[in-house]
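Participant: Given next are the chains, with one letter for each unit.
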Amino acid sequence: MSLVRLASGESFTPPGPADFRLPPVFGDSVFFTKPYFLLVLAALLVVWFFVATSRPSAVVPSRLQFAGEAAYNFVRNSIARDVIGSHEFMKYVPYLVALFFFILVNNYFALIPFIQYPTFSQTGFVYGLALLTWVVYNGVGIRRHGFVGYWKHQSVPPGVKGPILGLIVPLEFMSNILVRPFTLSVRLFANMFAGHLLLLLFALGGEYLILEAGNAVYIPMGVLSLLMGLIVSGLEMLVLGIQAYVFTLLTALYISGALAEEH
Amino acid sequence: MKNLRAAEEGGHDLNPLIPASWFEVGLSLVVFGAIVWAIGKYAVPAFEKAYAERTAAIEGGLQKAAAAQAEATEALETYQAQLADARHEAARIREEAREQGAAIVAEMREQAQAEAARITSTANAQIEAERQQAVQQLRAEVGTLATTLAGRIVGESLDDEARQSRVVDRFIAELEGEPTGAVQTNGTAR
Chain F
1 MSLVRLASGE SFTPPGPADF RLPPVFGDSV FFTKPYFLLV LAALLVVWFF VATSRPSAVV
61 PSRLQFAGEA AYNFVRNSIA RDVIGSHEFM KYVPYLVALF FFILVNNYFA LIPFIQYPTF
121 SQTGFVYGLA LLTWVVYNGV GIRRHGFVGY WKHQSVPPGV KGPILGLIVP LEFMSNILVR
181 PFTLSVRLFA NMFAGHLLLL LFALGGEYLI LEAGNAVYIP MGVLSLLMGL IVSGLEMLVL
241 GIQAYVFTLL TALYISGALA EEH
Chain E
1 MKNLRAAEEG GHDLNPLIPA SWFEVGLSLV VFGAIVWAIG KYAVPAFEKA YAERTAAIEG
61 GLQKAAAAQA EATEALETYQ AQLADARHEA ARIREEAREQ GAAIVAEMRE QAQAEAARIT
121 STANAQIEAE RQQAVQQLRA EVGTLATTLA GRIVGESLDD EARQSRVVDR FIAELEGEPT
181 GAVQTNGTAR
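The listed protein sequences correspond, in order, to chains F and E.
Position 191, counted from 1, in the first sequence is what our numbering calls 191; the numbers after and before it change by one each time, with no gaps.
Position 118, counted from 1, in the second sequence is what our numbering calls 118; the numbers after and before it change by one each time, with no gaps.
Please keep in mind that the hints were generated in silico from the structure rather than gathered at the bench.
BS3-like mimics (lysine-lysine), calculated; alpha carbons at most 25 Å apart, straight line: (1) K91/F x K41/E; (2) K49/E x K64/E; (3) K49/E x K91/F.
Beyond 12 Å from chain F on every Cβ pair, some chain E residues (computed): (4) L62; (5) E74; (6) R94; (7) E95.
Every residue, glycine too, gets a C-beta built ideally from N, C-alpha and C.
If we strip away everything but chain F, and leave its shape as in the complex, we get (with noise of 0.2 Å):
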């Protein structure tokens, strides 16, 4: 904010939560703003990418079908087969791979140029992810253990008896099966949206330093505020598959913790 005071000209206008508000591209219709091309664009990546690299399914693979089985292999050993179990995990490979590529794909967007927009800066899309392994888990615990059978798995913790019960209860119930649902789309909502705004706020800032604050003293703290944005990009990196992959984690983490056994 000490950028807006410094402006001593043109006022300087900081982003905010306007910005990720794009308006279409072409005519007035919802459908076509840039996020609803990206999330089409990276599900026809994602599956273009699978589909070509497994095609071959040759026993000596090509380096386009090394690739891909890399790729696959993270999901589906490192992921799937480590958290829910070598004997049942194959069921929910498809759904973990999907997930991770997706959210990964829609996650670099952020850092392409030219498209330079994480998707998922869009809470309705993660919403729709996140009630999607709301639905998932929920189901196949229901599935395992009965309906009455998995509120109860879900909600009283074994080994615990007596009064403390109705304290526990409720809580476990709440951090089980209400919270997980925002925390998983609050949380990958949230480090998308701040990175870009972060992103945003030093390349306008150093913009409006360097060419509109209309002082020369000011243009080495833009070139100062642009080299930040740099940092901040690397920083980015990071982030960005950070976040797919704690997505992914925790939902088969969830997923496995429906399916467990009774303690």
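We have chain F; now place chain E onto it with these hints.
Facilitator: Relative to chain F, chain E alone:
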């Protein structure tokens, strides 16, 4: 970017937690569902098939190698057994040959000895026969010669057969009886 932001001046009260359109949730579900479907239908079976085939190929290769090794060991054993048999056989044949050779040599020697003995005995018999013949002949001639000689010396014809043969016989008997003694006596007397 600038005109874009200018277009949205005054939007700072927006709550980013509320989506621009709830339609976003539906779109996200549909698009993501399509990805899950496509990956589950095409990518996962293809990858798993490749893994299964790879595992089978590696295990098959190992089994094949083990089989080949077992076969090689078996062949080696057979070969060695055959070699040992052949050596044994060769030794046996050599031994037989040696025995046979010895037998042949012994037989030949025996034959040769028999032949030699036969030849010797034949020769002996022949010599004996010839000697007898010579003795007979000599006896006849000696008799005649002696009587003729004695007749000349004595001047008396010894025509009388009986006397003649008596004299000859006595002479021969003397010759045969002590030939050496007489000669030696004569020798020493001289």
